[in-house]
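Colleague: Sequence:
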Amino acid sequence: MPRTRTYVAGMLWPDVTASRANANLRSSLWRATRTGHQVIDASTQELAIARHIDVDIHAAATRAHQLLDMAHPCDDILTARTRADLSSDLLPEWSENEWVLVEQEQYHELRLYALEAMTERLTAAGRHGEAVASGLAAVRAEPLRESAHRVLIAAHLAAGNRGAALRQFEQCRRVLLEELGLEPSQALRSLVPSHPPHPPHPSDAEGAASRKPRRVVVRRSASDVLVEGAGGR
307 MPRTRTYVAG MLWPDVTASR ANANLRSSLW RATRTGHQVI DASTQELAIA RHIDVDIHAA
367 ATRAHQLLDM AHPCDDILTA RTRADLSSDL LPEWSENEWV LVEQEQYHEL RLYALEAMTE
427 RLTAAGRHGE AVASGLAAVR AEPLRESAHR VLIAAHLAAG NRGAALRQFE QCRRVLLEEL
487 GLEPSQALRS LVPSHPPHPP HPSDAEGAAS RKPRRVVVRR SASDVLVEGA GGR
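Residue numbering for the sequence shown follows our numbering, beginning at 307 and increasing consecutively.
Mixed in with the good hints there might be a few duds.
Quick list of simulated restraints, FRET-style, between CB atoms [to be verified]:
# : residue 1 : residue 2 : range
1 : A365      : A338      : 51 to 61 Å
2 : S496      : R326      : 55 to 65 Å
3 : A329      : T368      : 31 to 41 Å
Bear in mind the hints are in silico, worked out from the structure with no lab data behind them.
Since the model is a prediction, treat every value here as computed from it, not as a measurement.
Beta carbons are placed, not taken as given, at the ideal position from N, Cα and C, and that holds for glycine.
Hey, can you work out the whole structure from these sequences and the hints?
Modeller: This is the structure in structure tokens:
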């Protein structure tokens, strides 16, 4: 989308004067033309990325929206390349520029939902190893995101790895408790197998035996029995 030169200069150099920002932009455009490749379409008033240039963020966002449209198959993009593209945030080194913060947050949420959808699609297709890889990418991107842990746990369970699913649940529980003071939701707890009962320790058995009431045998004399019998008549 074309932008005016002044607008672009102000976004790229927000901490300097307008004249300094425009000078920086002119210098950058001059250096770009010396590369021998046309990457920017420029006029006296407007700037735009050249039409033949593929922008990686645009391609990644398109694939993310395709993954989220569960009504349509997208087996052709269930690839390691898609997972890698969705594993990185937008302009991570530009976090101090306020104008990009909204775009960063929007794409961050989009890619997380897309990674979760990718994990579910791969799990349904029986591609469990790839599903786990996508789920791990989602968890790494946002460790406090319970839905990311959920799809990863489901991928482990679909592969028959109950131990891995239980370890992932315990990791999620620990992170939530330490960072937020929260327990996992009931929906997440219902996914994991129950904790196996701990086997009794030998000392516990000995202690139980020592606490067991002893059987006391009372010996009574024959005379006592006769007396009781006489009293009963």
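Colleague: Each of the hints needs a verdict: does it hold here or not?
Modeller: Tested hints:
{"no.": "1", "hint": "A365 to A338: 51 to 61 Å", "in the structure": "violated (22 Å)"}
{"no.": "2", "hint": "S496 to R326: 55 to 65 Å", "in the structure": "holds (59 Å)"}
{"no.": "3", "hint": "A329 to T368: 31 to 41 Å", "in the structure": "holds (36 Å)"}
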